[in-house]
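**Q** Using the hints, position chain P against chain Z.
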Amino acid sequence: MKMSVAALLTGALLLLPSSASAAGEKASVIAGMVVIPSGVHERLYGDAKSSKVQIQAFALDRQPVSRGEYAAFARNGILTGGSSLLPITGVSWFAATAYCQAKGKRLPTSDEWEYTARASETKADATRDHGFKERLLGMYAGRSAKARKPVDTGFRNFYGVRGMHELVWEWTSDFKAPAARHSRENHNAANHKHDMSCASAAIGVQNPSNYPAFMRYAVRASLSHRSTMSTLGFRCAADIT
Amino acid sequence: MTRFISQITFRRLLPAMLVLGLFAVVTAAFGRDTGRVTEFGSALQLRTASDKIVGEEIAVLTDAPNVPPSIKRTHSTKVIVNLEMTEKAMRLADGVEYTMWTFGGSVPGKFIRVRQGDLVELRLTNHSSSTMPHNIDLHAVTGPGGGAEASLTMPGGESVFTFTALNPGLFVYHCATSPVPMHIANGMYGLILVEPKDGLQPVDKEFYVMQSEFYTKGKFGEPGLQTLDMEKGIDERPTYVVFNGSVGALTGDKSLKTDVGDHIRLFVGNAGPNLTSSFHAIGEIFDNVYTEGGTVAQHNVQTTLIPAGGSTIVEFAAENAGNLILVDHSIFRAFNKGTLGMIAVNGAANKKVFAAVKGMNVGDN
Numbered sequence: 010m011k012m013s014v015a016a017l018l019t020g021a022l023l024l025l026p027s028s029a030s031a032a033g034e035k036a037s038v039i040a041g042m043v044v045i046p047s048g049v050h051e052r053l054y055g056d057a058k059s060s061k062v063q064i065q066a067f068a069l070d071r072q073p074v075s076r077g078e079y080a081a082f083a084r085n086g087i088l089t090g091g092s093s094l095l096p097i098t099g100v101s102w103f104a105a106t107a108y109c110q111a112k113g114k115r116l117p118t119s120d121e122w123e124y125t126a127r128a129s130e131t132k133a134d135a136t137r138d139h140g141f142k143e144r145l146l147g148m149y150a151g152r153s154a155k156a157r158k159p160v161d162t163g164f165r166n167f168y169g170v171r172g173m174h175e176l177v178w179e180w181t182s183d184f185k186a187p188a189a190r191h192s193r194e195n196h197n198a199a200n201h202k203h204d205m206s207c208a209s210a211a212i213g214v215q216n217p218s219n220y221p222a223f224m225r226y227a228v229r230a231s232l233s234h235r236s237t238m239s240t241l242g243f244r245c246a247a248d249i250t
Numbered sequence: 022m023t024r025f026i027s028q029i030t031f032r033r034l035l036p037a038m039l040v041l042g043l044f045a046v047v048t049a050a051f052g053r054d055t056g057r058v059t060e061f062g063s064a065l066q067l068r069t070a071s072d073k074i075v076g077e078e079i080a081v082l083t084d085a086p087n088v089p090p091s092i093k094r095t096h097s098t099k100v101i102v103n104l105e106m107t108e109k110a111m112r113l114a115d116g117v118e119y120t121m122w123t124f125g126g127s128v129p130g131k132f133i134r135v136r137q138g139d140l141v142e143l144r145l146t147n148h149s150s151s152t153m154p155h156n157i158d159l160h161a162v163t164g165p166g167g168g169a170e171a172s173l174t175m176p177g178g179e180s181v182f183t184f185t186a187l188n189p190g191l192f193v194y195h196c197a198t199s200p201v202p203m204h205i206a207n208g209m210y211g212l213i214l215v216e217p218k219d220g221l222q223p224v225d226k227e228f229y230v231m232q233s234e235f236y237t238k239g240k241f242g243e244p245g246l247q248t249l250d251m252e253k254g255i256d257e258r259p260t261y262v263v264f265n266g267s268v269g270a271l272t273g274d275k276s277l278k279t280d281v282g283d284h285i286r287l288f289v290g291n292a293g294p295n296l297t298s299s300f301h302a303i304g305e306i307f308d309n310v311y312t313e314g315g316t317v318a319q320h321n322v323q324t325t326l327i328p329a330g331g332s333t334i335v336e337f338a339a340e341n342a343g344n345l346i347l348v349d350h351s352i353f354r355a356f357n358k359g360t361l362g363m364i365a366v367n368g369a370a371n372k373k374v375f376a377a378v379k380g381m382n383v384g385d386n
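From first to last, the protein sequence lines are chains Z and P.
For the first sequence, the working numbering begins at 10 and goes up steadily by one.
For the second sequence, the working numbering begins at 22 and goes up steadily by one.
Just chain Z, with the same shape it has in the complex (with noise of 0.2 Å):
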């Protein structure tokens, strides 16, 4: 299956892009996803030299899974109160992983989703910029299970992908692996858990005032593949070589 979607994907790249929707059932779910290209990733963990990590290019859905889609996947899955629109939430790492499997797909690793993410609407990489970040922090502070909005909504990045901040923090398939990698690298086994606590948060960060970046971490490093949240969601990636 995945292989197929892959491969598939890898089609319709060579084709024009407008052409995919000719391709079928298949076809739509790859219409669905963009692709990535590949990359070096500044994490936000790591000195100089250790927080890159090469990306290899993939494809990532353009936006959340809806309710509406995942209650046509759960089959049982009633849909009370909401639009069938509103990105779904509630959903456990077991549930999301199942999901993108019956897709044929997968959830993103958190250095694929940090690296799509770190995109404006004009730059692939706008970690750096200072008025960015702000707006993230704006549109994180905004978010609430009330205050939802569609999964077509939310600002379209340098890639085409949408709504990676405004609507919900999204699961990735190594949530934890991240700060567990750092721990081990720089500190001893005593500190393990400090990376997302106190202010040691900030050992071995190259952009410490990265607070959006610093949000999502701490928000991946207090879940368990059981957690659920009103405000935790997720999206799809594929492989396409």
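These aren't lab readings, by the way, just hints derived from the structure by calculation.
Treat the hints with caution; some may be incorrect.
Cβ-to-Cβ under 10 Å is the rule here; a few derived chain Z residues that face chain P [as the list claims (entries may be wrong)]:
#1 His139
#2 Leu146
#3 Val228
#4 Ser233
Once the Cα atoms are required to be at most 27 Å apart in a straight line, the calculated BS3-like pairs of lysine-lysine come out as [stated by the list, open to error]:
#5 Lys253(P) with Lys132(Z)
#6 Lys238(P) with Lys155(Z)
#7 Lys238(P) with Lys132(Z)
#8 Lys158(Z) with Lys112(Z)
#9 Lys99(P) with Lys73(P)
#10 Lys109(P) with Lys158(Z)
With the Cβ distance kept under 7 Å, some of the chain P side facing chain Z (calculated, not the full set) [to be verified]:
#11 Pro154
#12 Pro176
#13 Ser199
#14 Met203
#15 Met251
The structure displayed is predicted, hence computed values, not measured ones.
All C-beta atoms, glycine included, are put in the ideal place defined by N, C-alpha and C.
**A** Showing chain P alone in chain Z's frame:
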């Protein structure tokens, strides 16, 4: 020649004089106060949690400016502290709201009062409507992150940890979830008092006052729902500096009410996140100041420093009727940013203490 000899003698004697001098200094420093330092001693000690824990109780928690009742117990017990963390828009000033992150639904957070030697069980819940995980670092805790490591709690979740209150004093607690400055700037702090085993001297009135800063996108007084301005925070340029979470939380109808003759104790914290407070009461002199919330009292103090993430306990007797004004004497903060509080002292004026004799404000009284 005589001069030369005397110089030699002086040089020979110099080491001995130095030793004697040093001895005198050391004696003065460590010997002088042994009778004055009271209940818990000044010596460095390895504290142990060896008290017998008898019984169990739920801590009485209060919102500022109220303080839980003093502890009458003479034994150690298990104290259960239930704290719920919430996020909700609340008043910062007239017409100005801010989405406060709280310990217990208000800013500053609930006042916790325990006794030295108590085993405290902290039960921390994060309301399901919260958007962020939170935790708690109590400066009264001897342990990893002051409890922070054990208490990262997602919305809808709960964390529990226990600690023995080893050191007496007045301690700040705060959220320590990354990014820490943001969680403190949004209102997540409070005070925990660990009473010494012998207790505190009874007074007539006790109050809880906590200073803190807010960094908003809009200017001071700009109406509407304001959000955190990260750059102002990093630059340490607060828009608001307030007592008890908002402009006017301790003035007008909300002034602290006392009577002439009252002995008054203020538990004062400074959450920061950036500024040191020059805490002062206009029209009063602090009889006792337990500097930095510690054990030894300084006397007859006009203005006392409270570090960010620190506290002080001040005590005074209200000798005269009238209004005492609490300020941070870094006075632009009081005048332009909100750091004003009021203690209304009711009763008869004592003209021996103060009398206006001549001037435009002297009436017929």
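**Q** Hint by hint, say whether it matches the structure.
**A** Here is how each hint holds up against the structure:
1. His139: Holds: closest Cβ of chain P sits about 7 Å from His139(Z), inside 10 Å.
2. Leu146: holds (6 Å)
3. Val228: holds (6 Å)
4. Ser233: This interface hint holds because 8 Å falls under the 10 Å limit.
5. Lys253(P) with Lys132(Z): holds (25 Å)
6. Lys238(P) with Lys155(Z): holds (23 Å)
7. Lys238(P) with Lys132(Z): holds (24 Å)
8. Lys158(Z) with Lys112(Z): holds (24 Å)
9. Lys99(P) with Lys73(P): holds (10 Å)
10. Lys109(P) with Lys158(Z): Holds. Lys109(P) to Lys158(Z) sits at ~19 Å (cutoff 27 Å).
11. Pro154: holds (3 Å)
12. Pro176: holds (5 Å)
13. Ser199: Cβ of Ser199(P) sits 4 Å from chain Z, so the hint holds.
14. Met203: It holds, given that the least Cβ distance between Met203(P) and chain Z is near 6 Å, below 7 Å.
15. Met251: holds (5 Å)
Consistency note: the structure conflicts with none of the earlier hints.
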